[in-house]
Every structure is written in structure tokens, then in C-alpha cells.
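K.L.:
Residues per chain, in single letters:
2 protein chains.
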Amino acid sequence: MRAGVVGSRSESVRRANLAAVLRSLQLVGALTRSELVDRTGLTRSAIGDLVSELAEIGLVIEEPTGSGGAPGRPSPLVRPTEHVVVLALEVLVDSVAVAAVALGGVVLVDQRMERPRSRTPVTRTLDDLTRLADGVVAALPDGTRIQGAAVAVAGLTRGSDDAVVAAPNIGWREVPLGTLLRQRLDLDDVVRVGNEANLAALAESRRGVAAGLANVVYISGEVGVGGGVIADGDPLAGGAGFAGEVGHLPVNPDGRACRCGGVGCWETEIGEGALLRRAGWPEDGGLAAIDEIVRAADAGGAEVLAALAEHGRWLGVGLAGVVNIFDPDVVVLGGLLGRLCSWLRPMMSVELDRRALPAIRERVRIEASSLGRDAPLLGAAEVAWERVLADPAAVAAV
Amino acid sequence: MRAGVVGSRSESVRRANLAAVLRSLQLVGALTRSELVDRTGLTRSAIGDLVSELAEIGLVIEEPTGSGGAPGRPSPLVRPTEHVVVLALEVLVDSVAVAAVALGGVVLVDQRMERPRSRTPVTRTLDDLTRLADGVVAALPDGTRIQGAAVAVAGLTRGSDDAVVAAPNIGWREVPLGTLLRQRLDLDDVVRVGNEANLAALAESRRGVAAGLANVVYISGEVGVGGGVIADGDPLAGGAGFAGEVGHLPVNPDGRACRCGGVGCWETEIGEGALLRRAGWPEDGGLAAIDEIVRAADAGGAEVLAALAEHGRWLGVGLAGVVNIFDPDVVVLGGLLGRLCSWLRPMMSVELDRRALPAIRERVRIEASSLGRDAPLLGAAEVAWERVLADPAAVAAV
Numbered sequence: 001m002r003a004g005v006v007g008s009r010s011e012s013v014r015r016a017n018l019a020a021v022l023r024s025l026q027l028v029g030a031l032t033r034s035e036l037v038d039r040t041g042l043t044r045s046a047i048g049d050l051v052s053e054l055a056e057i058g059l060v061i062e063e064p065t066g067s068g069g070a071p072g073r074p075s076p077l078v079r080p081t082e083h084v085v086v087l088a089l090e091v092l093v094d095s096v097a098v099a100a101v102a103l104g105g106v107v108l109v110d111q112r113m114e115r116p117r118s119r120t121p122v123t124r125t126l127d128d129l130t131r132l133a134d135g136v137v138a139a140l141p142d143g144t145r146i147q148g149a150a151v152a153v154a155g156l157t158r159g160s161d162d163a164v165v166a167a168p169n170i171g172w173r174e175v176p177l178g179t180l181l182r183q184r185l186d187l188d189d190v191v192r193v194g195n196e197a198n199l200a201a202l203a204e205s206r207r208g209v210a211a212g213l214a215n216v217v218y219i220s221g222e223v224g225v226g227g228g229v230i231a232d233g234d235p236l237a238g239g240a241g242f243a244g245e246v247g248h249l250p251v252n253p254d255g256r257a258c259r260c261g262g263v264g265c266w267e268t269e270i271g272e273g274a275l276l277r278r279a280g281w282p283e284d285g286g287l288a289a290i291d292e293i294v295r296a297a298d299a300g301g302a303e304v305l306a307a308l309a310e311h312g313r314w315l316g317v318g319l320a321g322v323v324n325i326f327d328p329d330v331v332v333l334g335g336l337l338g339r340l341c342s343w344l345r346p347m348m349s350v351e352l353d354r355r356a357l358p359a360i361r362e363r364v365r366i367e368a369s370s371l372g373r374d375a376p377l378l379g380a381a382e383v384a385w386e387r388v389l390a391d392p393a394a395v396a397a398v
Numbered sequence: 001m002r003a004g005v006v007g008s009r010s011e012s013v014r015r016a017n018l019a020a021v022l023r024s025l026q027l028v029g030a031l032t033r034s035e036l037v038d039r040t041g042l043t044r045s046a047i048g049d050l051v052s053e054l055a056e057i058g059l060v061i062e063e064p065t066g067s068g069g070a071p072g073r074p075s076p077l078v079r080p081t082e083h084v085v086v087l088a089l090e091v092l093v094d095s096v097a098v099a100a101v102a103l104g105g106v107v108l109v110d111q112r113m114e115r116p117r118s119r120t121p122v123t124r125t126l127d128d129l130t131r132l133a134d135g136v137v138a139a140l141p142d143g144t145r146i147q148g149a150a151v152a153v154a155g156l157t158r159g160s161d162d163a164v165v166a167a168p169n170i171g172w173r174e175v176p177l178g179t180l181l182r183q184r185l186d187l188d189d190v191v192r193v194g195n196e197a198n199l200a201a202l203a204e205s206r207r208g209v210a211a212g213l214a215n216v217v218y219i220s221g222e223v224g225v226g227g228g229v230i231a232d233g234d235p236l237a238g239g240a241g242f243a244g245e246v247g248h249l250p251v252n253p254d255g256r257a258c259r260c261g262g263v264g265c266w267e268t269e270i271g272e273g274a275l276l277r278r279a280g281w282p283e284d285g286g287l288a289a290i291d292e293i294v295r296a297a298d299a300g301g302a303e304v305l306a307a308l309a310e311h312g313r314w315l316g317v318g319l320a321g322v323v324n325i326f327d328p329d330v331v332v333l334g335g336l337l338g339r340l341c342s343w344l345r346p347m348m349s350v351e352l353d354r355r356a357l358p359a360i361r362e363r364v365r366i367e368a369s370s371l372g373r374d375a376p377l378l379g380a381a382e383v384a385w386e387r388v389l390a391d392p393a394a395v396a397a398v
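Line by line, the protein sequences give chains A and B.
Residue 151 in the working numbering is what sits at position 151 of the first sequence, and the numbering runs on without skipping anything.
Residue 17 in the working numbering is what sits at position 17 of the second sequence, and the numbering runs on without skipping anything.
These are computed hints drawn from the structure, not numbers from a lab.
Incomplete in silico selection of chain A near chain B, CB under 7 Å:
id, residue
1, Val165
2, Asn215
3, Ala231
4, Leu236
5, Glu245
6, His248
7, Pro253
8, Cys260
9, Ala320
10, Gly321
11, Asn324
12, Phe326
13, Asp329
14, Arg355
15, Ile360
16, Arg363
Just a sample of chain B residues kept apart from chain A, beta carbon distances all over 10 Å, derived:
id, residue
17, Ser45
18, Ile61
19, Pro74
20, Pro116
21, Ser118
22, Ala288
23, Asp298
Incomplete in silico selection of chain B near chain A, CB under 10 Å:
id, residue
24, Gly239
25, Cys258
26, Cys260
27, Pro328
28, Arg355
29, Leu357
30, Pro358
31, Arg363
C-beta: ideal position from N, C-alpha, C; glycine also.
Input sequences plus hints: build the corresponding full structure.
P.N.:
Listed below in C-alpha cells is the structure:
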């Protein structure tokens, strides 16, 4: 990737080059000046000037490196600082969380609060997020600057006005969450709002098990089943930003009623409730029951293993459709599906082998999430950093 | 869209601006110089120079326009010529076709040959395409220059080496069709190879019922059911170019065996065979039987109308999954599904209303193809024109 712009229209070119350097650091973390030259295609002296400017803004520091055996003067290491951070927030069905994330995806502080699974009023959630955010900010060193914020939500979200359109499992409809959080957290800039699976897909494709791959499907299996898609390197949005709702693929048209109002959606076969039902628990047994199931599976319990095999079979049925549609390099299983992946995989593979088109099946890898529970928060941080990355010089003006 | 590049690095900038002007003409057809100024953001005098160069190459002519009531000198009309064309070819399960297509998507000559539905050897198909191409070329005026070619195929195709990976309904596996056609047609340049539904999606999004929309799903219902997706303005390729195979979504896991080796794929419920079965015909009745069904439906035959209703119901089941995944602006129904759209729509809508997420359902339109049988050929022409559009000046060198 040679992202630098060589040219003469000075101000816009300088900003673009500043952004190119910062994006490299955001993706990889610390890099030597030589590595920045290679990645951006800019000259050594241009990199020197840009790094100085980023250091002045407080976004990076330079450190001497050892010679490392290479001839000549060692290239200084350019390292993101922890002086500038973004707030990444998350609203899931059974928890809320806030983290302060530095450049390069480094989580400096994070706090999570488990909550009962019930329809939670917006004001209560704002209270909880504010309390967590206060705790996170208080734990940061004095002088740390917050330069952006974004929130991941288990629901349909709309980017144009940073609102939650519908989050049936939380009980929300048309909540202007970005605006509300900006007011409550007293932030200068808009708080971006995104779907948790879309943001997790972004994080996995930048820093997780899908890093470096251009075509990624992330499937988040929790109470509901969501999805996020990276197509040719970019998030798949759809016309209104709602794309990726793989949980509502109709895999069993005469099956069970789905929370969405449909029938036989994939979510009714691979969501948490389906596993609990198959294992003989009440469908609303929650995480405590899931923990029991994992313990029983570890102990080789036949009934639980059979339930997991059937769950894996339905996972494979829907996955075949997903891979036939997207031809992805990798499918990342998140949440419950990631946690249970090793038990689900055998029957999942049988159905995939049977139903996916061979040319697609032979390429695709199916992997458990490597970022785990942090994936949506890290994705929110990517989005929150975007404003600074697009114009690093604007940070100085604050 | 302001696509022009204002700047000083003369040769590359000139070529980019030439391309910007030609792309506008390819999309819209004839435009006045003033309209080109508006569309490209280039100056009036730059447009004048670029149009002169394109006219010299033989790609456009200029015509005086009437004053049209506007004050001042009327702006000359820049019109694509028919001196430079591309060859668009097509290999479907029951026909092959060749067309000569001028800039702006104008089909100058086309020839189609219906063929029996049987596994057709590659050499036989090359013979048929060559014969059609000879006829098309013979019908063009002397001096017409062929500047590119592309072929649409009902199968999985690979862009990297312009090959057909698998076309089960034609009986092909790993056919280097682009190379073979280039040799047989004695063309200077590579013949591009693409999936017919992907190419039809491209054509519908440029010139058809989806023109101007950025998020489009095209579903081609014939013997097999294929799909093509335009996401945020660009074709969705997937990791190896196989994305969009919606015909192999598993909608009925305990259903019928599919040609792909899977079970209960959407194709087994909305392909041609499924309709014939429901209407009481042999599944291999072919187009003649379909014509009978259409006549019976026109005459109000109860049995056929019931079969169409059930077909529409299954169309709606799968469509719900497709729209939940892609959040498209429009779904375009092509082939048999487009032809039967008015009968399929009522039950299709019932299932969509029931199963699609409301925020997605309320936005999406479902439309019959407006390009009909020409859609894949017009899409192939778009791809064939791409080389000239990217660098119009290269035409002069030929």
C-alpha cells in the first residue's frame, strides 16, 4: 500500500500525507521511519517533517532504535502516544461497556457492567454509560485528550443521524443515541453509532483473525444473531446502512416464530435460545445456563454434545448460504458461536461440504473470533478515530 | 459527479480527463459541451480540447444544436459515433448470442441462436459463437473498429484469467474461454469473461430499471437461479469473484436435491423446473412448456394461477433473506422471474412483509428487469468498453 500523495498543492497534500502516516500507525502500531517510507511511498525527508508535526500535536513520540545489525544509522521508531484517545461504548442485550482506546487499537482502560436482560429504558442506559465513562476518564492520566467517540449497539443503526432505528432485544425504536450521548458525556463532537456486528467485522478485519483479508463475514451469535460484512476491504452498508442481517435468513420456512416477526429465521436455529432448547434448558436460561452447557460438554455429557452437534448442523446450513452469497475469504464466528466453535465445527463442516458451491467451499476458512468480547468495542474505536485520521492537523486546533 | 482532474501533471491528467469525458458519454449517450462541463468540473476550453481529441480518434462527433431558447451561442452536442464498437457475447443454457455495441450501450447488430439444452462441448460453442460473430461483424459498416470483447456465461467465472470455473447446467469445468475466444475470433486483446447475472446486474444499474441506484440485487431466474449484486455503486465480487450465488441459499433444508449437490437450495423452489412441477408439467418441459403456462395464466386457468402463487410465495421467502442481507435500494427480477413478475408479486409481497425486517422492507422496491433478455449482453459490453474508457488515447495507437 503506497498511500502518500506526491505533489505540489501544498496544504491539501500535506494533510493527506499526514493522514497517510497516521493511518499506517493506526493499523500497525509503532513503525520505524524507514517502514513509513516504504508504506507511504513518501521521501525520507517528507516522513521526517510529517512525524515531527504529529509529535507536536501529541499523537506520536519518536524513540531511538538499536542498530539491529543493519548498516548505517538506525531508523527511529515512531510510536503512538497515549495522550490522545477515543471513547468506545457498547450497548448489548445483557451488558454495557466503555473503553478508552489509543491510536493503534490499544485499550487503555475499560469498564463493563452486566445488566439484566430486559427492555431497558434509554435514560437508564444513558445513566449507566455515563457512570462507566466517568470511571474510565477518571482512570486516564491528567491531560489525556478525548478526540472522538462511537457506540456499538445490538440493533439496526442509521449512520446519517447516528440513531438506533430498532433494537428489539433491548426494546428501543428510533433513539437518537449519538446526540443523547454527546450531551450526556459533554463531548465536542458527534458520537457515532453503529451496529455491533458491523463494528466487530471491522475490528476483526483490521486487528483480528481476519487481519489483512479483504472479504470477511462476521457472525455474532448471542441472544440475537447479527452479521457484518467487509467486501473488497470496505464495510458493506446497504442502502440505509442495514446490510448484514444474516440472522434473518429464512433457513426453515416452517420453523419457529422469530423475534423479528418472521418465521424460521436462522436466529431461531442458531441463537442462544435454540441451543438452550436443544440441551433441555428453558430458552431464557441466559448466560448461567450456557456456562452449565459448556461445563457439561467439557465433561463429555452425551445429551449436551448431541445438542451442540445439532446446533452445528444448523450453523452449517445457514453458513452455506452466506458463503455462496459472499464468497468470503473467511467467516469469523463471534460471541456464543465463537465460544462453542470447536464443538460446532464437525457438523457445521458436514453441512458446508454438502451445500456450499465447491469452488467457494474450498477457499473459505471458518474461524472463531480472536478479539472475542472486545471486537465491537475495538470496531467502535476504529470509527471514532476516523475523524482524527482523516485530518490529524485538526487535533492541534483543539 | 465531478470526475475531472484539475492539475498540472500534463500527460496523466490529460488521459484521466479524456477518460472522464468518455465515461460521461458512455453512461448517458450524447451530451452538450455545457453538460460535459457540469459533469466533469473541467473548464469550457479544456472540454473543447478533449472533445476534439476524442473526435480525432473517431469516438465522438460534434453536431450543432438549436438554441433551445437559451441565450447566447448554443452548446454543440457531443455524440458517440458507431465507428468504434465492442463485441458482447453470451453463453446461456439454451442459447448463445453476439452483439456489436457502440459507446453509450447502443446495440448496433445482434444475433442469437437457440440451442438444445444439453451439455454442449466447448468446441461446438466456440463454433457457434464464431459463426454469430462473423455475421455480426459482416453486418457492420466498413471501417468499424472492434476495440474489445467480453462474454457472459451462465456459470461461475474467474476474472483473473478470464476462465469459466464451473457451469454445471452447460456441462463445463475449468474452460479458459477468454483465451479460446480471443484465438478463434482473432482479436488483439483479451476477451473478458463474467457471470451472466453479475453482468446483468451491472447493466440494470447503469441503463435499466436500477439506473442511478447504488445498491442493487439482480436475480436471474432461468433453468438455474443466479444473482449479481451492486453494493455502494460497485459490483460485489467476493474473494474469487464468485459472490452473488443467491440461487444456492438453503431455504428448505429438507427439500429437494439441487443440481449443485446441495439440498433445498432456493433454485429448487424458484427455478424453471419448480414452476413446471407445480403446474403439472415435466420439470424438463423447457421454454415451450413455460409459454403454455403463460398462456394458461393469461386465460385465468386456476391450476396454473395456484402454481404461480406458490412460486411467488417461495420467491418471497428467499427474497426476504436477500434483502435482510443486502439492504438494497431495488431488487431486479430477470429472466423467467421478470416475465412472470405480475403473477408472482402478490404472494411474494405477503412473504416479504412477513419476513423482511420492517426498516429494510419499507425502503426496497422489487422490479421486473427493464432490459430483459439483453441485460447480460449489455453488461458484457460495459466490461468490454472498460479498457477504452480507462485510456481512450490508446485507441488512436491501433
